[in-house]
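Let chain A serve as the given structure and place chain B on it in line with the hints.
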Amino acid sequence: MLGPPAGLLLNAVTGVAAWPLLLLLGGCAVLVPVGGLGRPPLDRALRAVHALAGLHRARAARVLGRRMPARPGHARDLAWLAVHAVAGPAALFAACAPYYAAVRILFLGTVERGWIVSLTLLLAIFACVAIGLAAIPLLHTLQARLIELLSRPSAAGRIRELAESRAAVVDAQAAELRRIERDLHDGVQGRLISMRMNLGLIKKMSDADPVRELAREAYDTAGEALAELRALVRGIHPPVLADRGLAGAIRAAALAQPIPVEVEIDLPARPEPPVESASYFAAVEALNNVAKHSEAGRAWVRLGHADGVLRLPVIDNGRGGADPASGTGLDGIRRRLAAFDGTLAVHSPLGGPTEITMELPCALSSQKISHS
Amino acid sequence: MRVVIAEDLALLRDGLVRLLTAHDFEVVEAVDNAPMLLNAIIRHRPDVAVIDVRLPPTFTDEGLRAALEARKRVPGLPVLILSQYVEQLYARELLSDRAGAVGYLLKDRVGDVEQFVDAVRRVAEGGTAMDTEVISQLLTRHRRDEPLARLTPKEREVLAMMAEGLSNTAIAARLSVTDKAIGKHTNNIFAKLGLAPSDDHNRRVLAVLAYLEAEPR
Numbered sequence: 001m002l003g004p005p006a007g008l009l010l011n012a013v014t015g016v017a018a019w020p021l022l023l024l025l026g027g028c029a030v031l032v033p034v035g036g037l038g039r040p041p042l043d044r045a046l047r048a049v050h051a052l053a054g055l056h057r058a059r060a061a062r063v064l065g066r067r068m069p070a071r072p073g074h075a076r077d078l079a080w081l082a083v084h085a086v087a088g089p090a091a092l093f094a095a096c097a098p099y100y101a102a103v104r105i106l107f108l109g110t111v112e113r114g115w116i117v118s119l120t121l122l123l124a125i126f127a128c129v130a131i132g133l134a135a136i137p138l139l140h141t142l143q144a145r146l147i148e149l150l151s152r153p154s155a156a157g158r159i160r161e162l163a164e165s166r167a168a169v170v171d172a173q174a175a176e177l178r179r180i181e182r183d184l185h186d187g188v189q190g191r192l193i194s195m196r197m198n199l200g201l202i203k204k205m206s207d208a209d210p211v212r213e214l215a216r217e218a219y220d221t222a223g224e225a226l227a228e229l230r231a232l233v234r235g236i237h238p239p240v241l242a243d244r245g246l247a248g249a250i251r252a253a254a255l256a257q258p259i260p261v262e263v264e265i266d267l268p269a270r271p272e273p274p275v276e277s278a279s280y281f282a283a284v285e286a287l288n289n290v291a292k293h294s295e296a297g298r299a300w301v302r303l304g305h306a307d308g309v310l311r312l313p314v315i316d317n318g319r320g321g322a323d324p325a326s327g328t329g330l331d332g333i334r335r336r337l338a339a340f341d342g343t344l345a346v347h348s349p350l351g352g353p354t355e356i357t358m359e360l361p362c363a364l365s366s367q368k369i370s371h372s
Numbered sequence: 001m002r003v004v005i006a007e008d009l010a011l012l013r014d015g016l017v018r019l020l021t022a023h024d025f026e027v028v029e030a031v032d033n034a035p036m037l038l039n040a041i042i043r044h045r046p047d048v049a050v051i052d053v054r055l056p057p058t059f060t061d062e063g064l065r066a067a068l069e070a071r072k073r074v075p076g077l078p079v080l081i082l083s084q085y086v087e088q089l090y091a092r093e094l095l096s097d098r099a100g101a102v103g104y105l106l107k108d109r110v111g112d113v114e115q116f117v118d119a120v121r122r123v124a125e126g127g128t129a130m131d132t133e134v135i136s137q138l139l140t141r142h143r144r145d146e147p148l149a150r151l152t153p154k155e156r157e158v159l160a161m162m163a164e165g166l167s168n169t170a171i172a173a174r175l176s177v178t179d180k181a182i183g184k185h186t187n188n189i190f191a192k193l194g195l196a197p198s199d200d201h202n203r204r205v206l207a208v209l210a211y212l213e214a215e216p217r
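If you're matching them up, the sequences are chains A and B in order. Here this note's numbering is used: position 6 in the first sequence is 6, and no number is missing along the way. Here this note's numbering is used: position 165 in the second sequence is 165, and no number is missing along the way.
Just so you know, nobody snuck in bad clues.
One side of the interface only, derived from the structure: several residues of chain A facing chain B at Cβ under 10 Å:
hint : residue
1    : 223
2    : 229
3    : 230
4    : 240
5    : 244
6    : 248
7    : 252
8    : 255
9    : 256
Note that these hints are calculated values from the structure, not bench results. Where a beta carbon is used, it is the ideal one built from N, C-alpha and C, also for glycine.
This is chain A alone, in the form it adopts within the complex (with noise of 0.2 Å):
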């Protein structure tokens, strides 16, 4: 991590290039819609613009020590460039201002040289030494506080992404319920059925052998309806969820992979139910998607909590290219967690290793895991 004074002339820098940035913004604004340039450059000069406010965002995160808001919109980002523009050159120059005095003061010809006057020029210059150090870090973090400010969602657009994320919960709830109902109606009642109708033969049958071969189908028939209500089951709520928790699951899950998985887990305590149940979907997706698309030889699960926020990374040493807008599983995954404010990023150069990381906002009941 850079320094404050560091940090402090990166800002200046970055403030620098961003007039000719807004420049090229606004030169394009105009262009576009008058001189058929069509949509590239301002795309790219927005692009610019996103990928600088993001490094400025995970700088200002790491300053501060919390969570910046996720990327907030076009709109906000170009706010903080053109104050950025200011800012970032005045603090360096604010910065400097007391070491300029200091030297100034330094070099003042005075005309009488008694101990007095040198002692008082001493006194001044230590005094703004003193400020300039005090000012650098200050400065820093004033830096830092501006951007989370300008970064923070308005009430509205949080209004529409919580009003996103429940529709998508809905929706989603309303396909897995459509999900189940397909999956007994075809399955288990399908085989019921049969069965009772086997049933209703051998009651007016009074020739063995035909009886014994109806009764043996209605009883293979109950054995495929059991496994198929099993994995039905499995699907909608594993019983070793509800046994043991987070931990237990996520260990049971890494045992059934097709490939080693190891697992570290450091949770004191356990999530929330809903909290506990997506995040064990979520990393079982995750899972598959590496036994499936990945060809690693060897994944690793690690789970934790720290600063309110649950972490999952979910990591392989396959052949990399996970990309989360082709791929459904990982969209999928995102979907899962955008319910409960969580996030996906995804790490997975071409050649690997993938490294998918889940994070949840959650608190942990005080409620113990027993038995690990």
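Same frame as chain A, but now just chain B:
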């Protein structure tokens, strides 16, 4: 043989009592919750306990915990766990004291009366009875850098059947080969897994355990 049964659904509990009584077991007590199960086990010291994994008061894995606890107090107590679903995690926990005499079966298997009664007897006599679903989950895994990689495919097949709890004779019948051929395979398996000659029962348990644990933890 004296049996204690723990199952909370009355219908199934009565069914189990009837089924085992009909096969010359003496059901000394049939309970419907975990605390009573522990009491019954300590009081009667049965030859085998048949326990449903999900019991009151918590309706989670209460039965399994009670079984593990009972085995702590009565080391080597034969227990057969019945469950609506199987987890390898639980299979490992049951086997982890290396004493054997454990079974872990899907409840569906009760429907296959002969095999089920066989499994209860086997567990009572110190053997193991792992559900075929536990075994088949294990078989779907690619195995790379582990001691089991040294086994030939045939030896692995035999080991899977040992894990189910089958005797050499039963394995031989299933593979349509002689007892002697299976004996040779099992000896190779024990040698490759580094299990020194001791009593055969114990070695079989350890081999099964190696099989279940052949993964990084």
